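S.K.: Going line by line, the protein sequences match chains Y and B.
Residues 26 to 198 in the working numbering are what the first sequence spells out, letter by letter.
Residues 5 to 513 in the working numbering are what the second sequence spells out, letter by letter.
One should not assume that every hint holds.
[Claimed, not checked] Derived PhoX-like pairs (lysine-lysine); straight-line CA-CA distance at most 25 Å:
{"hint": "1", "chain 1": "Y", "residue 1": "182", "chain 2": "B", "residue 2": "313"}
{"hint": "2", "chain 1": "Y", "residue 1": "139", "chain 2": "Y", "residue 2": "103"}
{"hint": "3", "chain 1": "Y", "residue 1": "103", "chain 2": "Y", "residue 2": "182"}
{"hint": "4", "chain 1": "Y", "residue 1": "103", "chain 2": "B", "residue 2": "210"}
No wet-lab data here; the hints were simulated from the structure.
All figures in this text were calculated on a predicted structure; none of them were measured in a lab.
Chain residues, written in single-letter form:
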Amino acid sequence: MRRILFENVFSRALTEPAPAVDDPELLTLAAQLKEGIDRTFGGSLSIRQVDAGSCNACELEIHALSNPYYDLERFGLKFVASPRHADVLLVTGPVTHNMREALERTYNATPAPKWVVASGACAIDGGVFAGSYAVVGAVDAVVPVAIRIPGCPPSPKTLIRGLLALMAAQPAG
Amino acid sequence: METSFQEFAAIEAVAHHHPWPRRLVEAEMWLDLAARLAAGEGTFLALWGDVGAVHLAFLDAGATAVPAVASLACRDGTFPSVAALLACAIRPERAIRDLFGLTPIGMPDERYWLDHGRWPEGRPFHPPEPAEASAAVVPPYRFLASTGPGLHQIPVGPVHAGIIEPGHFRFTCNGETVVRLEARLGYVHKGLDRLMAGATIERAAKLAARTSGDSTVAYSFAFARAVEAALSVEAPPRSQWLRALMAEIERLANHLGDIGGICNDAAFSLMLAHCSSLREQVLRTAETAFGHRLMMDAICPGGVTVDVKKDGMAAVRGLLKVVRAQFAELVELYDNTASLADRTVATGRLSAALARDFAAGGFVGRASGRSFDARRDLPYAPYDRLHFEVPVLTEGDVNARIWIRIREVGESLDLIEQILAGMPSGPIAVDLLGHIMGVSEGLAVVEGFRGDILAWVRLAADGTVERAYLRDPSWAHWPLLEAVIEGNIVADFPLCNKSFNCSYSGHDL
Numbered sequence: 026m027r028r029i030l031f032e033n034v035f036s037r038a039l040t041e042p043a044p045a046v047d048d049p050e051l052l053t054l055a056a057q058l059k060e061g062i063d064r065t066f067g068g069s070l071s072i073r074q075v076d077a078g079s080c081n082a083c084e085l086e087i088h089a090l091s092n093p094y095y096d097l098e099r100f101g102l103k104f105v106a107s108p109r110h111a112d113v114l115l116v117t118g119p120v121t122h123n124m125r126e127a128l129e130r131t132y133n134a135t136p137a138p139k140w141v142v143a144s145g146a147c148a149i150d151g152g153v154f155a156g157s158y159a160v161v162g163a164v165d166a167v168v169p170v171a172i173r174i175p176g177c178p179p180s181p182k183t184l185i186r187g188l189l190a191l192m193a194a195q196p197a198g
Numbered sequence: 005m006e007t008s009f010q011e012f013a014a015i016e017a018v019a020h021h022h023p024w025p026r027r028l029v030e031a032e033m034w035l036d037l038a039a040r041l042a043a044g045e046g047t048f049l050a051l052w053g054d055v056g057a058v059h060l061a062f063l064d065a066g067a068t069a070v071p072a073v074a075s076l077a078c079r080d081g082t083f084p085s086v087a088a089l090l091a092c093a094i095r096p097e098r099a100i101r102d103l104f105g106l107t108p109i110g111m112p113d114e115r116y117w118l119d120h121g122r123w124p125e126g127r128p129f130h131p132p133e134p135a136e137a138s139a140a141v142v143p144p145y146r147f148l149a150s151t152g153p154g155l156h157q158i159p160v161g162p163v164h165a166g167i168i169e170p171g172h173f174r175f176t177c178n179g180e181t182v183v184r185l186e187a188r189l190g191y192v193h194k195g196l197d198r199l200m201a202g203a204t205i206e207r208a209a210k211l212a213a214r215t216s217g218d219s220t221v222a223y224s225f226a227f228a229r230a231v232e233a234a235l236s237v238e239a240p241p242r243s244q245w246l247r248a249l250m251a252e253i254e255r256l257a258n259h260l261g262d263i264g265g266i267c268n269d270a271a272f273s274l275m276l277a278h279c280s281s282l283r284e285q286v287l288r289t290a291e292t293a294f295g296h297r298l299m300m301d302a303i304c305p306g307g308v309t310v311d312v313k314k315d316g317m318a319a320v321r322g323l324l325k326v327v328r329a330q331f332a333e334l335v336e337l338y339d340n341t342a343s344l345a346d347r348t349v350a351t352g353r354l355s356a357a358l359a360r361d362f363a364a365g366g367f368v369g370r371a372s373g374r375s376f377d378a379r380r381d382l383p384y385a386p387y388d389r390l391h392f393e394v395p396v397l398t399e400g401d402v403n404a405r406i407w408i409r410i411r412e413v414g415e416s417l418d419l420i421e422q423i424l425a426g427m428p429s430g431p432i433a434v435d436l437l438g439h440i441m442g443v444s445e446g447l448a449v450v451e452g453f454r455g456d457i458l459a460w461v462r463l464a465a466d467g468t469v470e471r472a473y474l475r476d477p478s479w480a481h482w483p484l485l486e487a488v489i490e491g492n493i494v495a496d497f498p499l500c501n502k503s504f505n506c507s508y509s510g511h512d513l
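Required output: the full structure, derived from the provided sequences and hints.
M.R.: Quick look at the structure:
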């Protein structure tokens, strides 16, 4: 283990835009994101992810935001375990009838100011599951939605872009 | 003396069910088959409902065990419970009752499973007469009782602390030790079976691809093979090899993610950091090669929707080099970190007997001595022409489930190399329209990263899907997770859970 840690200390970080030579787009996004969060939350934003019925593909890509390539936390964006610590609910999936109450209770447990991000095709309009007897449908049929991130599933880059849009849309303070 | 498998085999098979037979049985034979499976003479594969009937898929006994389906007509809306004899059939049977309104006579657990009393309509496949919301009939859920001095309960979920799917876990503990875990699932039930019914093949394939997002390739693969079986169509050779390439890339991505994730649940985040960066490189390669990080909708009935893009093959070759070099170091790291082994060795042991009884697939079964891999045991193209080992261990603990994954990463890398070398040229899809004639049925079993996925489909004469059923390996794994946690401490649950990595969406349907 010591050898790997030693190598890591002296090797360059994988994290992309920081020195990103190959991805100026993400670098720009990242800078804007940081600025937006600084303005609204003094540098930090806590996100509680809620799977309200997704197929799990959305979760896989949200997970990827924490890998060394995207390293979301360096922007002050942090996933938290409790809705009581959250500023943003990142909701995926068509809301199933079986998850409706859980989503409502999670929303109610989140202190204001709070924003809901509907992430992925299903969260936006039910996706391929729209119309099922088991599905309520879009997230905004259950809780108010501030912003929608398209994709099936949204790629990590699209997710970052979406969170940026949220920050730009909210007035400071 | 004739065994019931032989008697069963003597029954005339239902017409146009491919490639393995489906036979109609009476209640006596139905129960006899269940008893044989319970006695370990064959292997349970799946139990699912239909309008007015139930189907039981199994591997019969013998060296050349092949799948077969027994179907029982439920004339008065009931059928003899298989679960009364076979524990792994308990939850499938509860789901059948919830969805089809068919009552298993003698079922050992009468609680509703997928139906939480929240669906606005009645049974989805049993039109309500009169209309009755499920809330009217489903009583509040009663968890199994645990009594004794010093016991307390820890309810967890459905919204969990991490970024994972929803489900409820009810722990009963004595101090730190878990006395009983009971999972309640069904939260992400989206009504997949009902949505499939009446859908075009194209739409049904899209739904199948979204059964469980981490196995989207495997599900598309299985569904496509079931449809092709029903229509007696072979997908073009190139498409079959491309499918295998995608399937192995998917397995690689998931195993890398899991190995990092399990170690992270023992607070060894160094492994997560390295594995997740390897996983990211796998997903980026998938995007370069097939245009989508998870390769969703890349496989369709009839072939594949996308050929390898320009630079795709080179990207995959480059990926092999990177993973081979870096993964070896990580394996060494895992093997040489005693504080990590202290958490994974002897934790969450699954006995070989339980793995066999539940026909546990994938790394769960293979870590507990059950050597089954659909790629080898029910070979399908192109795996019938590829060389690979199926690793098996007997310890059955978290450590063994990690080592199975580690070995399978190596096998997948070798397979990808063989696939790249043997990739035939030619068309990537056939048109299915010309092959549709009358009602036909198909069955397929495909090895996903967490185990064998079974897909069954009945096509109507107009080429739409009349009924489709997709069985996730997690149906077997979820109840086993409850068994392995017993006697472990609460803090080891995340390790056990992640080492199983069951699908919620694939199970809840």
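S.K.: If a hint holds in the structure, say so; if it does not, say that too.
M.R.: Now the hints, each set against the structure:
no.: 1; hint: Y:182 <-> B:313; in the structure: holds (21 Å)
no.: 2; hint: Y:139 <-> Y:103; in the structure: holds (15 Å)
no.: 3; hint: Y:103 <-> Y:182; in the structure: holds (16 Å)
no.: 4; hint: Y:103 <-> B:210; in the structure: violated (33 Å)
Going down the numbered hints, you'll see the structure goes against just number 4.
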